[in-house]
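Please work from the sequences and hints to get the whole structure.
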Amino acid sequence: MGQSPISPAIAWPAKSTQVPKEIFVRQDVYAEEIKRIFHGPEWSPVAHASEIPNVGDFKTCYLGETPLLVARDEDGGIQVFYNTCSHRGTQVETAVSGNRRNFECPYHRWVFDLKGNLTACPLRPDDAVNFTKEKYPLEKPRVAIVHGLIFVTMSPEAPSIETFLDGYEDKLLNVMGGDGRLKLLGYHKLQLNANWKTYHDNDAWHAPLLHLAFRMLNWQGGKGRQFANDRGHRGFESALALPKGQTLLKDASLIEYRGGNLERGSCSLHLFPLFSAVKHLDTIGLRFVNPSALDRTDIHYAYFGREDDSEEMLRHRVRQSSNFLGPCGLVSMEDAAVFQRLHVGSHTPGMQVFQKGVRDEYAMPVEFSQNDESVNILSWEYYRKVMGFAKEAA
Amino acid sequence: MSAVDESILRAVDELQVRYIDALDRRDMDGWLAAFDDTDASYILQTAESEEARLPLALILDDNRARLEDRVSFITRVWAGTYQEYRTRHFIQRLDCRPAEAGLYAVRTNFMVAFTRLDLTRTELLATGVYHDLVAVEGGTARFRAKKALTDASALPHYVVYPL
Ligand code: FES
Ligand SMILES: [Fe+2]
Chain A
1 MGQSPISPAI AWPAKSTQVP KEIFVRQDVY AEEIKRIFHG PEWSPVAHAS
51 EIPNVGDFKT CYLGETPLLV ARDEDGGIQV FYNTCSHRGT QVETAVSGNR
101 RNFECPYHRW VFDLKGNLTA CPLRPDDAVN FTKEKYPLEK PRVAIVHGLI
151 FVTMSPEAPS IETFLDGYED KLLNVMGGDG RLKLLGYHKL QLNANWKTYH
201 DNDAWHAPLL HLAFRMLNWQ GGKGRQFAND RGHRGFESAL ALPKGQTLLK
251 DASLIEYRGG NLERGSCSLH LFPLFSAVKH LDTIGLRFVN PSALDRTDIH
301 YAYFGREDDS EEMLRHRVRQ SSNFLGPCGL VSMEDAAVFQ RLHVGSHTPG
351 MQVFQKGVRD EYAMPVEFSQ NDESVNILSW EYYRKVMGFA KEAA
Chain B
1 MSAVDESILR AVDELQVRYI DALDRRDMDG WLAAFDDTDA SYILQTAESE
51 EARLPLALIL DDNRARLEDR VSFITRVWAG TYQEYRTRHF IQRLDCRPAE
101 AGLYAVRTNF MVAFTRLDLT RTELLATGVY HDLVAVEGGT ARFRAKKALT
151 DASALPHYVV YPL
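In order, the protein sequences belong to chains A and B. Anchor point for the first sequence: position 190 equals 190 in my numbering, and the numbering is continuous, going up by one each time. Anchor point for the second sequence: position 126 equals 126 in my numbering, and the numbering is continuous, going up by one each time.
No wet-lab data here; the hints were simulated from the structure. Backbone N, C-alpha and C fix where the C-beta goes; we use that ideal spot for every residue, glycine too. Any given hint might turn out to be false.
As the list claims (entries may be wrong) - Which bits of chain A does chain B cover? Going by a derived footprint, with three or more residues having C-beta under 8 angstroms, they are:
#: 1; segment: 145-156
#: 2; segment: 176-187
Stated by the list, open to error - Pair ranges (Cβ atoms, derived):
#: 3; chain 1: B; residue 1: 52; chain 2: A; residue 2: 292; range: 19 to 27 angstroms
#: 4; chain 1: A; residue 1: 127; chain 2: B; residue 2: 88; range: 51 to 59 angstroms
#: 5; chain 1: B; residue 1: 91; chain 2: A; residue 2: 356; range: 45 to 53 angstroms
#: 6; chain 1: A; residue 1: 137; chain 2: B; residue 2: 121; range: 45 to 53 angstroms
#: 7; chain 1: B; residue 1: 137; chain 2: A; residue 2: 173; range: 25 to 33 angstroms
Here is the structure:
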């Protein structure tokens, strides 16, 4: 992946437990991250197929600053286009979502069908040389679909999606409720005033400490485990233990579990670089996160039910998903508050330091218990390599 | 515009002022007191969700118990974790018309500015429309249902207090 060209160079410490704070606040590092990671040979989920269930449904989104258009074509297939006209580059679609039979660029009225083919254009035969409609479809990034989750990459060098997921496909399936057949309930969208890595580095240790709801509800986590791999992915799976006794809530439906199976009832997955998915109680949430600036991260929490849910179950999921997680949620509002403070705190010299679960300050950790923050060290190592930051000698 | 009595309009306006005054003073008991004692709801949602007919809300307190729980979230569960901020609500009644027996359907524009106490500038937190169902009894108005629809689809900051 090559040595980092940025200067002054980042002095990455020999201790695996330390992360230089300057990487969160340096503009040159951010620009290099967009190049090497978000527009580089990694895969980023941008939507789930259930967000656009019908022919003609579409959604627009971004990968870094690159605009994308995701659509359901006439044959029920999923198409992802760069959201730019093949003529002079005008943004083709500006709506966040909707349904269309085709996409018309207003500038010179070129019309594209749902597969991106140019189907109408006001050019007459002798208006231009060498023009045929076939030469000008909408351009596409590479796409891979895993149980409905739509991944894209802009890099021809990205490995296959199987290699990228590196054995995490079943974990992805589990966090999407078991079969990936989902029904969209809606979104929580938040602009986070913090660097994207702050969001992605969210650790497992803080949950019972920051989120007092767990303590106030007398809610101990069930038995669970964390895992991580060399590809920068990590996750958490735990049995769901429900709160004992009632201490705080007058409407206990907020934390009621109707999903049946308690085993693996609470799980989360973080895929490098920035996707995460959380299934907790009866909420199924996929988080499409995009860096829009050095100090700004756009988080779109999309919540789902399952295709065969009864009306009553869907209603329960809506009531729970609305109030439990997200930017106003009982057990997560505090996260956004802390991320913002982490970002401010990163404008200081020195290192962030991992402690909980560390057995060796230099080696890569191999085992983690439920609340260890050390599991994140593996993602940092992958990040360091991708960015080409040389490690200092021990 | 509306065929309702001056006295009703006065009671409705007085309720809206009590409501925003309580929020701007961060007086959550005052906020709760603006709602009906037995049957009331508060929903915060984006116009985008409403238009796409997506049922998920940012805050979905659809019964009295949830309204009371909201007060506990803010005053007990989240205490000490968020940065305090000041809000300033501005409202403009658009429409008030009779709905079911004794109730009035009211639409009101809102604009909420916020100021983080560690910053020197003030920013816009949200603009939008309140769609309310108001009960007026003996000259006093209370919300039976209040829905705040925000114009923007994303919040520029986390939200501790309802709008
Ligand atoms: S730029 Fe789109 S039609 Fe000309
Ligand atoms: Fe958290």
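Hint by hint, here is what the structure shows:
1. 145-156: Coverage by chain B is violated here, the residue count being 0 at a Cβ distance below 8 angstroms.
2. 176-187: holds (count 4)
3. B:52 x A:292: 19 to 27 angstroms: This hint holds: roughly 22 angstroms between Cβ atoms.
4. A:127 x B:88: 51 to 59 angstroms: The hinted range 51 to 59 angstroms holds for residue 127 of chain A and residue 88 of chain B, with Cβ atoms some 58 angstroms apart.
5. B:91 x A:356: 45 to 53 angstroms: For residue 91 of chain B and residue 356 of chain A the Cβ distance comes to about 48 angstroms; the hint holds.
6. A:137 x B:121: 45 to 53 angstroms: Roughly 47 angstroms apart at Cβ, these two residues keep to the hinted range, so it holds.
7. B:137 x A:173: 25 to 33 angstroms: 54 angstroms, violated
Of the numbered hints listed earlier, those contradicted by the structure are 1 and 7.
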